[in-house]
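Protein chains: 2
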Amino acid sequence: VFDAVETGRVERGVVPIENTLHGSVHANYDLLRDHAVAIVGETLVRIRHHLLGVAGSRLDLLEEVHSHPQALGQCRDYLRRHLPSVPAIPAYDTAGSAKMVAELANPKVAAIASGRAAQIYGLSSLAEGIESNQSNYTRFLALVPREGASAPGSSADTGFKTSVLYVPKENIPGVLFKSLAVFALREIDLFKIESRPLVGSPGQYIFYLDLDGSLADGAVVKALDHLGEIAGFVKVLGSYPRGDRVD
Amino acid sequence: VFDAVETGRVERGVVPIENTLHGSVHANYDLLRDHAVAIVGETLVRIRHHLLGVAGSRLDLLEEVHSHPQALGQCRDYLRRHLPSVPAIPAYDTAGSAKMVAELANPKVAAIASGRAAQIYGLSSLAEGIESNQSNYTRFLALVPREGASAPGSSADTGFKTSVLYVPKENIPGVLFKSLAVFALREIDLFKIESRPLVGSPGQYIFYLDLDGSLADGAVVKALDHLGEIAGFVKVLGSYPRGDRVD
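Quick note, the sequences are listed as chains A and B, same order. Following our numbering, the numbering of the first sequence begins with 23 at its first residue and continues without gaps. Following our numbering, the numbering of the second sequence begins with 23 at its first residue and continues without gaps.
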């Protein structure tokens, strides 16, 4: 996706960046750091699990349920209540387990996967929304080539978010605190902060930051200038409207 | 593991908490929050991947390589260079792919897994340390029941780390910055900070913090008292000697 966006083969790309239950997708943060792309939007998509079987399948027939271990774990309460003696069998992914159930065509075998997987593989939903925790969202980013990125919304626009990566300089005492002070002193709120060991540089950290505001806000620009004084590496990943949750 | 430690069925438990390439294990942070356990130690273990086959297997015989997709990805350079036309097939986990290769007993099929998996399943190592990135470490914590946790090392001991979870109060402006100020103002360095949306409470965040010092240090105790003024929930997970890397 990053290659296709960077080279202009596609107009836009969409990548997952974090999940409420499983956290940040570090591989995609690394790719954001290394590719000439800009974030232009985000959305939060609710993850819903369905119990899927072939035509003729019923709960009381089931002898096996297959899915990714995270999906099985997220549906543990449902499985314990409704299918206490049916083994839950881990699979490589949820969609793959749906495909396998469709190919087996055995009404005794079901998968836990999305409603979309049911459509694609022609499966019936034996139960919908069977996850215990209803707060399972994945946040996706929309990416464009960095060159062609249009200017962010003006300060009159409300609800913009700006994403930044930075590596604090090593020789400044209290550098983490100071790097956050550049925003706090200008009353810029932060939505997300995460440190992660910088791979290949023991003792150094890279920070992911989402702040409230756009590059059209003078205070945000000043704060990022200030950040450049105390960070050896700063990359502004993009300014974009705050996304809504899609249920 | 958490249940066994909490109820005293075992004296100690060991759990993974983060990996340099994949980040924090949020499920285990949630379990640390919810169980009466204390951290008493940590260690960082280098993850090394081996190409494993049955007796008689050789690189030039291989027709399939199986492993967890993350391990396949981490060995991509090796596979491209040495096995460019051999398909890499995703499996549920690395050890499981080693077990499968042992059961198949086919010299044309190999797995990518650890040296320990080779011992357990009686496989030969066709190549060792084939991962592209040598900075792949997993950090493990040693846990004891919270009741029986002994006092942390005195301030004369150097190299202690203290781990804390907290949820900032919602109605305090700049509360994230203030929560870090309690440490910065006392010159207590932070090794790790991470925010994560608090599941079930939109707009609220839980923070993971590792700080330099032990509960035997007066400044650390004062800082944590101060943190309690601006956080609705604070849990000190433990003070323990900083771990070494195990290569």
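Everything labelled a hint here was simulated from the structure, so no lab data went into it. Incorrect hints may appear among the rest.
[Said to hold, decoys possible] Just the calculated beta-carbon pair ranges, DEER-fashion:
1) B/R168 with A/G30: 37 to 45 Å
2) B/S107 with A/R55: 27 to 35 Å
3) A/K257 with B/I194: 53 to 61 Å
4) A/L207 with B/A241: 31 to 39 Å
5) B/S147 with A/G240: 57 to 65 Å
6) B/K130 with A/G78: 32 to 40 Å
7) B/D56 with A/A49: 39 to 47 Å
[Claimed, not checked] Calculated pairs, BS3-like style, for lysine-lysine (alpha carbon to alpha carbon, straight line, at most 30 Å):
8) B/K130 with A/K244
9) B/K121 with A/K244
10) A/K121 with B/K214
11) A/K214 with B/K214
12) B/K121 with A/K130
13) B/K200 with A/K257
14) B/K130 with A/K200
15) A/K191 with B/K214
[Stated by the list, open to error] One-sided excerpt, in silico: chain B residues whose CB lies under 8 Å from chain A:
16) T42
17) H48
18) L198
19) P219
Where is the CB? At the ideal position from N, CA and C, for every residue including glycine.
Hints versus structure:
1. Our hint of 37 to 45 Å for B/R168 and A/G30 is violated, since their Cβ atoms are close to 56 Å apart.
2. About 32 Å separates the C-beta atoms of B/S107 and A/R55, a value consistent with the hinted range of 27 to 35 Å.
3. A hinted range of 53 to 61 Å for the beta carbons of A/K257 and B/I194 is inconsistent with their spacing of about 30 Å.
4. Look at A/L207 against B/A241: about 24 Å separates their beta carbons, and that is not inside 31 to 39 Å.
5. For the pair B/S147 and A/G240, the beta carbons lie near 60 Å from each other, so the given range of 57 to 65 Å is met.
6. Checked against the hint of 32 to 40 Å, the C-beta distance between B/K130 and A/G78 comes to roughly 39 Å, which is consistent with it.
7. Between B/D56 and A/A49 the beta carbon distance is about 29 Å. The supplied range of 39 to 47 Å is therefore violated.
8. About 60 Å separates the Cα atoms of B/K130 and A/K244, which puts this hinted pair outside 30 Å; it is violated.
9. The straight-line distance between the Cα atoms of B/K121 and A/K244 is roughly 57 Å, outside the 30 Å bound, and the hint therefore fails.
10. Distance restraint check for A/K121 and B/K214: the Cα-Cα separation of roughly 41 Å exceeds the 30 Å cut-off, and the hinted pair is therefore not satisfied.
11. For the hint linking A/K214 to B/K214, the alpha-carbon distance of about 14 Å falls within 30 Å, and the restraint holds.
12. Distance restraint check for B/K121 and A/K130: the Cα-Cα separation of roughly 27 Å lies within the 30 Å cut-off, and the hinted pair is therefore satisfied.
13. Taken as a hint, the B/K200 and A/K257 pair is honoured in the structure, with Cα atoms around 25 Å apart against an allowance of 30 Å.
14. Pair hint B/K130 plus A/K200 does not hold up; C-alpha atoms about 57 Å apart against a cutoff of 30 Å.
15. Pair hint A/K191 plus B/K214 holds up; C-alpha atoms about 16 Å apart against a cutoff of 30 Å.
16. Evaluation of the B/T42 hint against chain A yields a held restraint, the C-beta minimum of about 5 Å falling below 8 Å.
17. At a threshold of 8 Å, the smallest CB-CB gap from B/H48 to chain A is about 5 Å, leaving the interface hint in force.
18. Look at B/L198: its Cβ gets to within about 6 Å of chain A, closer than 8 Å, so that hint holds up.
19. A cut of 8 Å between beta carbons decides the hint on B/P219: the least distance to chain A is about 5 Å, and the hint holds.
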